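From first to last, the protein sequence lines are chains W and Z. Quick note on numbering: my numbering labels position 31 of the first sequence as 31, and the sequence is numbered without any gaps. Start counting at 1 in the second sequence, then tack on 63, and there's your number in my numbering.
FYI, nobody ran anything at the bench for these hints, they're computed from the structure. Keep in mind that a hint or two might mislead.
Straight-line Cα separation of at most 27 Å, DSS-like style, residue types lysine-lysine; simulated pairs [to be verified]:
hint	chain 1	residue 1	chain 2	residue 2
1	Z	Lys105	W	Lys7
2	W	Lys7	W	Lys55
3	W	Lys36	Z	Lys105
Quick caveat, the model's predicted, so the values are computed rather than measured.
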Amino acid sequence: MKNLRLKAARAALDLSQQQLADRVGVSRQTINAIEKGDYNPTIRLCLAICRALGKTLDDLFWE
Amino acid sequence: MYNGAYAIGVGVGLLVALIFKVIYARTTRGRKAAQYDERQEKARMRAYASAFWALSVYTLANGLFVRLTEIVWADAFMQAFIGFCLAGLVAIVQCIRDDAYFSLRERPGLYLKVFALVFVANLGIGIAAVLASEPIVAGGMLTVRSLNFVVAVVFLVILLALWIKRLRDRGERDA
Numbered sequence: 001m002k003n004l005r006l007k008a009a010r011a012a013l014d015l016s017q018q019q020l021a022d023r024v025g026v027s028r029q030t031i032n033a034i035e036k037g038d039y040n041p042t043i044r045l046c047l048a049i050c051r052a053l054g055k056t057l058d059d060l061f062w063e
Numbered sequence: 064m065y066n067g068a069y070a071i072g073v074g075v076g077l078l079v080a081l082i083f084k085v086i087y088a089r090t091t092r093g094r095k096a097a098q099y100d101e102r103q104e105k106a107r108m109r110a111y112a113s114a115f116w117a118l119s120v121y122t123l124a125n126g127l128f129v130r131l132t133e134i135v136w137a138d139a140f141m142q143a144f145i146g147f148c149l150a151g152l153v154a155i156v157q158c159i160r161d162d163a164y165f166s167l168r169e170r171p172g173l174y175l176k177v178f179a180l181v182f183v184a185n186l187g188i189g190i191a192a193v194l195a196s197e198p199i200v201a202g203g204m205l206t207v208r209s210l211n212f213v214v215a216v217v218f219l220v221i222l223l224a225l226w227i228k229r230l231r232d233r234g235e236r237d238a
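Please work from the sequences and hints to get the whole structure.
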């Protein structure tokens, strides 16, 4: 299932996938895979993304 | 079966590889090792598993084929080498497909140039050997002289996989 909330949060900060990937320390393709719902990240990566975007786990990942 | 020049050639090849390894180790000393993110590490593990199964299936199928048909299509070294190349290719192409071939620090452009050089060099050496009347097939068997062509094919497939991946990535970037 696509993670549109992540994509929206990233777009709200005017960040590209590459910029977010650099902040989190992963590849651009990993961010792309998470947004497309092709990869289910570990809690550690979820937290890193939340910190980078100033959001909570509930905001971005909780169903 | 092989002459002294052949043995010297193999020795020189191994020596050159060793020199490159030493130079690489010296120039990269103190730097962090290749770093992959968690998705890439999982993808690489799946690719290694695929390579293991590819080598297993190839070894069993080839052994069965030779035993049942009594057709020895390549000398023992080439049969093993082709299996090794096949397994390596399966892992590499799967890693390329899953964006797990290059680490976060590596620059694909540099590798593309090196791979293209290896492809051209092996193709050139192979063609030169054929022109010098060294048979790549003798008595219906693929000889060790075909090794350069096998390596050239391996690098051609890697280059094609990287090129296709690059085209696909261009389409999906920040979609």
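Just to be careful, I want the Cα atoms of Lys105 (chain Z) and Lys7 (chain W) compared with a cutoff of 27 Å; is the pair within it? 23 Å, holds
Under the criterion that the straight-line Cα-Cα distance not exceed 27 Å, is the pair Lys36 (chain W), Lys105 (chain Z) satisfied? 18 Å, holds
Mind checking the alpha carbons of Lys7 (chain W) and Lys55 (chain W) for me, to see if they're no more than 27 Å apart? Answer holds: Lys7 (chain W) to Lys55 (chain W) is near 12 Å, not above 27 Å.
Going down the numbered hints, you'll see the structure goes against none, and every one checks out.
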